[in-house]
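Position 22 of the sequence shown, counted from 1, bears residue number 22 in this note's numbering, the numbering being contiguous throughout.
To be clear, the hints were calculated from the coordinates, so they are not data collected in a lab. Certain hints may be false.
To be verified - Subject to a maximum C-alpha distance of 25 angstroms in a straight line, what follows is the list of computed PhoX-like cross-link-like pairs (lysine-lysine): (1) K62 - K28; (2) K29 - K86; (3) K28 - K82; (4) K9 - K82; (5) K9 - K62; (6) K86 - K9; (7) K62 - K29.
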Amino acid sequence: MLLSSLVIKVMIIWFIVFFILSQVMIEKKWLPAKFMELRLLYLCIASIGLIFLSIVIGILIKQPVFIVGTVTILCSSVLSFKYRNKFDHIKRG
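The task is simple: from the sequences and hints, build the whole structure.
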C-alpha cells in the first residue's frame, strides 16, 4: 500500500514538472517547426494518433498511466498554445 501511494505522489510531481517544461518548450519554440506549423485539424488528428500510440506502448511496457499522461500533457499544451495564438490573431483584427 505504501509503495503505490509513493508511486502516485511521484507521478503527480512528474506530471506537474513535465507540464511546466512543456510550456517552456512551446514558448521557446523548441519543438520541431513542422509540428508547430500544422493546421489545427491536422494537429488534433496528430495528437489523437500520438495518444493512441502511447496507449499501445504504455500497455506493452506495463506503464500506461505514466506514458499516456505524459503524452496527453504535451499534446494538450501544444493544442492550447495553437488555439491561443489563433484567437489572439482574430482579436487583433
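Hint-by-hint comparison with the structure:
1. About 33 angstroms separates the Cα atoms of K62 and K28, which puts this hinted pair outside 25 angstroms; it is violated.
2. Straight-line distance between C-alpha atoms of K29 and K86 comes to about 16 angstroms, which keeps the hinted pair within the 25 angstroms bound.
3. A hinted pair counts as satisfied when its Cα atoms are at most 25 angstroms apart, and K28 with K82 qualifies at roughly 14 angstroms.
4. Our distance criterion of 25 angstroms between C-alpha atoms is broken by K9 and K82, whose separation comes to about 31 angstroms.
5. At most 25 angstroms may separate the alpha-carbon atoms for a hinted pair to count; K9 and K62 meet this at roughly 18 angstroms.
6. With a C-alpha separation of about 36 angstroms, the suggested pairing of K86 with K9 is violated against the 25 angstroms cut-off.
7. Between the alpha carbons of K62 and K29 the distance comes to roughly 32 angstroms, so the proposed pair goes past 25 angstroms and is violated.
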